[in-house]
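Q: The chain contents come next:
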Amino acid sequence: MESNRIFDLELKKLAQKMVQMCSQVNVQVNNALTALKDYDLDLAKKVVKNDKKIDTLDVKIDKLCQRIFALQQPVASDLRYILSALKINNDLERVGDHAVNIAKRIGPLGDYRPLVTELGVDTVGQETSLLFADVLSLVESHDVKYCKKIYGRAASLKVGCEAIAQKVLDQMMHKSEVVVVASNILIIVNLIERIAGYSNNIAESITFVVKGEIVKHKKRRK
Amino acid sequence: MIVEKIQTENMFLHYGSKMALNDISIRIPEKKVTAFIGPSGCGKSTFLRSLNRMNDLIDGVKIEGNILIDNINIYDKNIDVVTLRKKVGMEFQKSNPFAKSIYENVAYGPRINGVSDRKQLDEIVETALKNAAIWEEVKDRLGDSALGLSGGQQQRLCIARTLAVNPEIVLMDEPASALDPLSTAKIEELIVELKENYTIVIVTHNMQQAARISDLTAFFYLGELIEFDKTKKMFTNPNKKQTEDYITGRFG
Chain X
0 MESNRIFDLE LKKLAQKMVQ MCSQVNVQVN NALTALKDYD LDLAKKVVKN
50 DKKIDTLDVK IDKLCQRIFA LQQPVASDLR YILSALKINN DLERVGDHAV
100 NIAKRIGPLG DYRPLVTELG VDTVGQETSL LFADVLSLVE SHDVKYCKKI
150 YGRAASLKVG CEAIAQKVLD QMMHKSEVVV VASNILIIVN LIERIAGYSN
200 NIAESITFVV KGEIVKHKKR RK
Chain A
0 MIVEKIQTEN MFLHYGSKMA LNDISIRIPE KKVTAFIGPS GCGKSTFLRS
50 LNRMNDLIDG VKIEGNILID NINIYDKNID VVTLRKKVGM EFQKSNPFAK
100 SIYENVAYGP RINGVSDRKQ LDEIVETALK NAAIWEEVKD RLGDSALGLS
150 GGQQQRLCIA RTLAVNPEIV LMDEPASALD PLSTAKIEEL IVELKENYTI
200 VIVTHNMQQA ARISDLTAFF YLGELIEFDK TKKMFTNPNK KQTEDYITGR
250 FG
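As you go down the protein sequences, you meet chains X and A in turn.
So the first sequence is numbered by numbering that gives the first Met the number 0: it starts at 0 and just counts up by one.
So the second sequence is numbered by numbering that gives the first Met the number 0: it starts at 0 and just counts up by one.
Keep in mind that a hint or two might mislead.
Unchecked claim - Using 20 Å as the maximum straight-line C-alpha spacing, the simulated SDA-like pairs for lysine to any residue come out as follows:
no., chain 1, residue 1, chain 2, residue 2
1, A, Lys232, X, Val214
2, A, Lys239, X, Ala75
3, X, Lys12, A, Gly248
4, A, Lys232, X, Phe207
5, A, Lys232, X, Glu212
6, A, Lys232, A, Asp214
7, X, Lys11, A, Lys85
8, A, Lys85, A, Phe97
9, A, Lys239, X, Lys48
10, X, Lys210, A, Thr235
11, A, Lys231, X, Ser83
12, X, Lys215, A, Lys229
13, A, Lys229, X, Ser76
14, X, Lys12, A, Arg249
15, A, Lys229, X, Lys11
16, A, Lys232, X, Lys12
17, X, Lys11, A, Glu243
18, A, Lys231, X, Val208
19, A, Lys240, X, Asp7
20, A, Lys229, X, Gln72
21, A, Lys232, X, Lys48
22, A, Lys85, A, Asp75
23, A, Lys240, X, Ser76
24, A, Lys229, X, Val74
25, A, Lys240, X, Val74
26, A, Lys231, X, Gln71
27, A, Lys239, X, Lys86
28, X, Lys48, X, Gln19
29, A, Lys194, A, Lys240
30, X, Lys210, A, Gln241
31, A, Lys231, X, Leu82
32, A, Lys240, X, Leu10
33, X, Lys86, A, Asn236
34, A, Lys232, X, Ile213
Said to hold, decoys possible - Simulated restraints, written as ranges between beta carbons of each label pair:
no., chain 1, residue 1, chain 2, residue 2, range
35, A, Gln207, X, Val58, 25 to 33 Å
36, X, Asp41, A, Gln207, 52 to 60 Å
37, X, Ala162, A, Glu3, 52 to 60 Å
38, X, Ala154, A, Ile71, 55 to 63 Å
39, A, Glu192, X, Gln19, 46 to 54 Å
40, A, Glu63, X, Asp133, 53 to 61 Å
Just so you know, these hints were derived from the structure itself, not from any lab.
C-beta: ideal position from N, C-alpha, C; glycine also.
Just chain X, with the same shape it has in the complex (with noise of 0.2 Å):
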């Protein structure tokens, strides 16, 4: 029997533009935690810019999904498949805003640009760009025996953010003079533990396509 061939122009043409989100995602957060280590404002600016070419691909992306599964009925590994590139897209589409929100806080972050390296705060964004650009290599590569991996680096990451905040809340109650930046911080720290976040759902909607299995909300051995 020949295949479907226009179903897979269809699967093609939607790995191809889900190979195109992920790669302009990982500018944008790449761009905006280097901005943020770096505190290049025209960089951080440039994030800014960047979004809306995000906004119109996660739409194209949406609507060739809805095509599919209208014309195409798709089921087994394309139906996985289909529905999790739906998935991954809304939460690359996520994280293209969360690179933005931070670029938009590095400009008031000022004279307080040192404090955000005296807390890490550099470092956990520098790992977890690292870790999105890993988790997104493997949404071309189905490569799902790394997802543990991603699972374990997601959770670490949390951990370091939840102390950065603490480090930071500390600050806050010590020294009145800093409340309005160390606000600021705090969201920069919460916006790279999502990014974090969305990075281990990736991972588990790459377990979903290739093993067929929900792993969301389930406990993992540290």
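Fit chain A to the known structure of chain X by using the hints.
A: Then chain A, alone, in the frame of chain X:
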């Protein structure tokens, strides 16, 4: 609790020297819809026809192994085939009403089974037509020829004719393949309703139909039963690559 209605053990079927079914072992539960899918010539219709011994009518057919219905081997020499076919009714791709009135089509089976009381026949006909979801469309023209009905109505009339003799199992060989989407939807809705009282086994080429209406799906290929599982499992995450390739249209 799941009760097995039909069970085959190491069943083989040959048409002359050609093997059409190879070592089929399956357990089909009671009051569920079980769908058989697979490419043309895979043996699914042959297997379906074995379940009420319709293959007996074909020369050169040889069957080995056991086919049990309610734990009784239906190929045992003591089995009365007429009684078996009363218990295991069958519907075909092309509806085949008799050139008689709507009423007589449904009353035919009960009549040859000895029911002659008109009042009793009326009740049987009405119940069967209601169970086949066609009563409202024909109740005012029961005396009209069945051949004047639409294709979808004729198929439902044939289902009523089968139900009139009180079967326990209904075998369906592509019952909706020649029907328009609306008639197909009515047949599918009917099949889902019928499983409350009957065990349904359906052969279909329409993958979405199998997915929509069946509880379990069996995939046949080259005379072998490749995979048999819950429909939701088969259509989301089948175990065998051959099943995956077939249902996603990448076979061969």
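Q: Each of the hints needs a verdict: does it hold here or not?
A: Right, here's what the structure says about each hint:
For the hint pairing A:Lys232 with X:Val214, the CA-to-CA distance comes to about 17 Å; that is within 20 Å, so the pair holds. At most 20 Å may separate the alpha-carbon atoms for a hinted pair to count; A:Lys239 and X:Ala75 meet this at roughly 11 Å. Between X:Lys12 and A:Gly248 the alpha-carbon distance is near 18 Å, which keeps this suggested pair within the 20 Å criterion. Taking the CA atoms of A:Lys232 and X:Phe207, the gap is near 14 Å; set against the 20 Å cutoff, the hint holds.
A hinted pair counts as satisfied when its Cα atoms are at most 20 Å apart, and A:Lys232 with X:Glu212 qualifies at roughly 11 Å. About 10 Å separates the Cα atoms of A:Lys232 and A:Asp214, which keeps this hinted pair within 20 Å; it holds. Straight-line distance between C-alpha atoms of X:Lys11 and A:Lys85 comes to about 52 Å, which puts the hinted pair past the 20 Å bound. Pair hint A:Lys85 plus A:Phe97 holds up; C-alpha atoms about 18 Å apart against a cutoff of 20 Å.
A threshold of 20 Å between alpha carbons decides the hint, and for A:Lys239 with X:Lys48 the separation of about 48 Å lies outside it, so the pair is violated. Between X:Lys210 and A:Thr235 the alpha-carbon distance is near 11 Å, which keeps this suggested pair within the 20 Å criterion. Between A:Lys231 and X:Ser83 the CA atoms are separated by roughly 18 Å; this keeps the pair inside 20 Å, and the hint holds. As the CA atoms of X:Lys215 and A:Lys229 are separated by approximately 23 Å, the hinted pair breaks the 20 Å bound.
Taking the CA atoms of A:Lys229 and X:Ser76, the gap is near 16 Å; set against the 20 Å cutoff, the hint holds. With a C-alpha separation of about 18 Å, the suggested pairing of X:Lys12 with A:Arg249 holds against the 20 Å cut-off. For the given pair, A:Lys229 sits about 30 Å from X:Lys11 by alpha-carbon distance, which is inconsistent with the 20 Å threshold. Proposed proximity of A:Lys232 and X:Lys12 is contradicted: the alpha carbons are some 27 Å apart, above 20 Å.
Between the alpha carbons of X:Lys11 and A:Glu243 the distance comes to roughly 18 Å, so the proposed pair stays at or under 20 Å and holds. Between A:Lys231 and X:Val208 the CA atoms are separated by roughly 16 Å; this keeps the pair inside 20 Å, and the hint holds. Under the criterion of a C-alpha separation no larger than 20 Å, the hint pairing A:Lys240 with X:Asp7 is consistent with the structure, at around 17 Å. Between A:Lys229 and X:Gln72 the CA atoms are separated by roughly 19 Å; this keeps the pair inside 20 Å, and the hint holds.
With a CA separation close to 45 Å, the supplied pair A:Lys232 and X:Lys48 exceeds the 20 Å bound. With a CA separation close to 17 Å, the supplied pair A:Lys85 and A:Asp75 stays within the 20 Å bound. Annotation: proposed proximity of A:Lys240 to X:Ser76 holds, straight-line Cα distance about 10 Å (limit 20 Å). Distance hint between A:Lys229 and X:Val74 is fulfilled; the C-alpha atoms sit about 14 Å from each other, no more than 20 Å.
Between A:Lys240 and X:Val74, the direct Cα distance comes to roughly 13 Å. Compliance with the 20 Å bound is thereby established for this hinted pair. Between A:Lys231 and X:Gln71 the alpha-carbon distance is near 18 Å, which keeps this suggested pair within the 20 Å criterion. At most 20 Å may separate the alpha-carbon atoms for a hinted pair to count; A:Lys239 and X:Lys86 exceed this at roughly 26 Å. Taking the CA atoms of X:Lys48 and X:Gln19, the gap is near 18 Å; set against the 20 Å cutoff, the hint holds.
For the given pair, A:Lys194 sits about 30 Å from A:Lys240 by alpha-carbon distance, which is inconsistent with the 20 Å threshold. Of the supplied pair hints, the one linking X:Lys210 and A:Gln241 holds, its CA atoms being roughly 16 Å apart against a limit of 20 Å. Proximity of A:Lys231 to X:Leu82 is assessed by CA-CA distance (about 15 Å); at most 20 Å being required, the pair is judged to hold. The straight-line distance between the Cα atoms of A:Lys240 and X:Leu10 is roughly 19 Å, inside the 20 Å bound, and the hint therefore holds.
A hinted pair counts as satisfied when its Cα atoms are at most 20 Å apart, and X:Lys86 with A:Asn236 qualifies at roughly 18 Å. Our distance criterion of 20 Å between C-alpha atoms is met by A:Lys232 and X:Ile213, whose separation comes to about 13 Å. Distance hint check for A:Gln207 and X:Val58: the Cβ-Cβ separation is about 28 Å, which falls inside the suggested range of 25 to 33 Å. Evaluation of the 52 to 60 Å hint for X:Asp41 and A:Gln207 yields a pass: the beta carbon distance comes to about 54 Å.
Distance hint check: the CB atoms of X:Ala162 and A:Glu3 are about 59 Å apart, consistent with the given range 52 to 60 Å. Taking the beta carbon of each, X:Ala154 and A:Ile71 are about 59 Å apart, inside 55 to 63 Å as hinted. As the Cβ distance of A:Glu192 to X:Gln19 is approximately 48 Å, the hint placing it in 46 to 54 Å holds. Roughly 57 Å separates the CB atoms of A:Glu63 and X:Asp133, a value that falls within the hinted 53 to 61 Å.
Against the hints set out earlier in the document, violations occur for numbers 7, 9, 12, 15, 16, 21, 27, 29.
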